[in-house]
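Trainee: The residues making up each chain are set out below.
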Amino acid sequence: MIEARGLTKRYGDTLAVDHLSFDVGPGRITGFLGPNGAGKTTTMRLILGLDRPTDGTVTVNGKAFGQLARPMREVGALLDAKAVHGGRSAYNHLLCLAQTNSLPRRRVGEVLELVGLSDVAKKRSRGFSLGMGQRLGIAGALLGDPAILMFDEPVNGLDPEGILWIRNLMKALAAEGRTIFVSSHLMSEMEHTAEHLIVIGRGKLIADCTVAEFIAQNSSETVRVRTPQQDILAKAVAAAGGTVHDDGNGTLVVHGLTAGRVGDLAFDNAVRLHELSSAQASLEEAFMGLTAGSVEFRAGPPRLPESQQPEHAGEVA
Amino acid sequence: MAMTSAQPTRPAGSPALPALPGRAGLAGALRSEFTKIRSVRSTYWTLLALVVVTVGFGALASAGAAAHPGERGPGFDPTQQSLVGLYVGQLVIIVLGALTISSEYSSGMISTSLTALPRRGTVFAAKAVVFGAVALVTGLVASVASFFLGQALMSGQHIGTTLGQPHVLRAVIGGGLFLAACGMLAYGLGMILRHTAAAITAAIGLLFVASILVNFLPQSWQVHVDKWMPAIAGGQVWVTKATDPTMFSAWTGFAVLGGYAVVALAAGLILFRRRDA
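Protein sequences, first through last, are from chains G and V.
Residue numbers for the first sequence follow this note's numbering, beginning at 1 and rising by one.
Residue numbers for the second sequence follow this note's numbering, beginning at 1 and rising by one.
Isolated chain G (complex conformation) (with noise of 0.2 angstroms):
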């Protein structure tokens, strides 16, 4: 169980962290999220006594942090996967923070095993892949047995069998019982793995729910319909109290009203249908829509030369 309460991180000016209260309880996967500077790291590092509050408290299992007797025991994180010395090899690395707690050594190659890291064991970590560092991170995390675990942004960077990995294995940590607090910036990793959401931008808190609520205070209904006779359609879509407009490809696209309503609309006007579907609004656009505000730095529109056009377009820093 973690609990924050007025949880405030100032540095000069900014407030990296604006009074942040929430709980993040057992035996489920608490998603932790907000865009890229939104503060979630800041908060990790004050949950785990590294940065020190400039107001309110945040306790683990009704300690400070730095009061627990044996802290792997107890929680094990993962913020930095690169936060390892690169000379020294897996094996000793894990070894190091081991004695710390006095764990016995044959927990070493215990979680060497658990992550598939035990053929490069003895290798220096400098060598490790992204996703080989993520899992020698968290290895080390594992290496107390903790009844509680944080990883900040795990998927970061990784490629698909490391996501799906990862995934399955926090799954797999919650369904024993263990607090799972996982945060990332990309609201459809979340939906996949998440179970409770506590959201924040520019700091603050913004939702803290289940995923089912967020996706149901946050998605709206949109209905697509295609027909040869549009004009129609829209007169009666909007007297109904819907908002319509064509998306272009010859597609209407409704707000405010059901499919079956539309339906109706449509049947009661002689108009003939030749689509008619419902669909929700993405999580991902939800989430958008919700911290739109918050969003420390914003992409503007790419001014580059027409011989310099980008090939992806750039993610909001």
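No lab work stands behind these hints: they were computed from the structure.
Hints are supplied without guarantee of correctness; some may be wrong.
Label pairs and their in silico Cβ distance ranges [to be verified]:
(1) G/Ala216 / V/Val129: 55 to 61 angstroms
(2) G/Gly62 / V/Val225: 20 to 26 angstroms
(3) V/Val52 / G/Gly62: 53 to 59 angstroms
One-sided excerpt, in silico: chain V residues whose CB lies under 10 angstroms from chain G [claimed, not checked]:
(4) Arg41
(5) Leu117
(6) Thr122
(7) Ala277
Glycine is no exception: its CB is placed at the ideal position from the N, C-alpha and C atoms.
Once you've looked at the hints, dock chain V against the given chain G.
Mentor: Okay, now just chain V, sitting in the frame of chain G:
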């Protein structure tokens, strides 16, 4: 690699971890820090370099003294002559001292270390003890080896000395202590500055550059300031024939160097406990 959703979180047949009474403390921290220092190659290269340059420059100076008998004054100190490589050895031990902590900051390992053991005073002390012990043992090896090689080179001219002569044993042991104290000063500076290059620069400034700059002071000031310079004060511990009355005695001088190290360590500890990691 397991790809199923029923992924195991514990290897088959391995028992759960037994509950342990007590708190994570200094004993575990010491074992951990010893693992850290012995598990990176740079430690071995640095320690080897320390012994090689200390013994090497000492041998060079001893051979030079043996080859130019006419240039030896009445105050010639064969012990100090054979240990003069310690001045170069200082440079190497401050690199290792600074790296002991600064490498954790440059790699980000400090966050991982403090997540495993958040008691910063304990982490600080464990690092100091383990590095200090390694520096002292290696320093003694370098000092003793320098002494015997230097005396062997000078024995042909019958200008050498033995451990049985007055103050010689103190000087040879003092050489090891001198290197350990320089290393601890650099460790304290590393904790204050958290940056390898900055810490090494600061240590060199304090140990070498400060001593040089004193030479530009008026003579009447120099005699009061010079003896307080850390490397000059600490260097008195490996002198057996004190010829300069303005200098501190052997152990007083070493205590001055130790004082610099203690101040750096104390400031480092206070900052380490207060600052965000």
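Trainee: Enumerate the violated hints, using their earlier numbering and listing them in ascending order.
Mentor: 2
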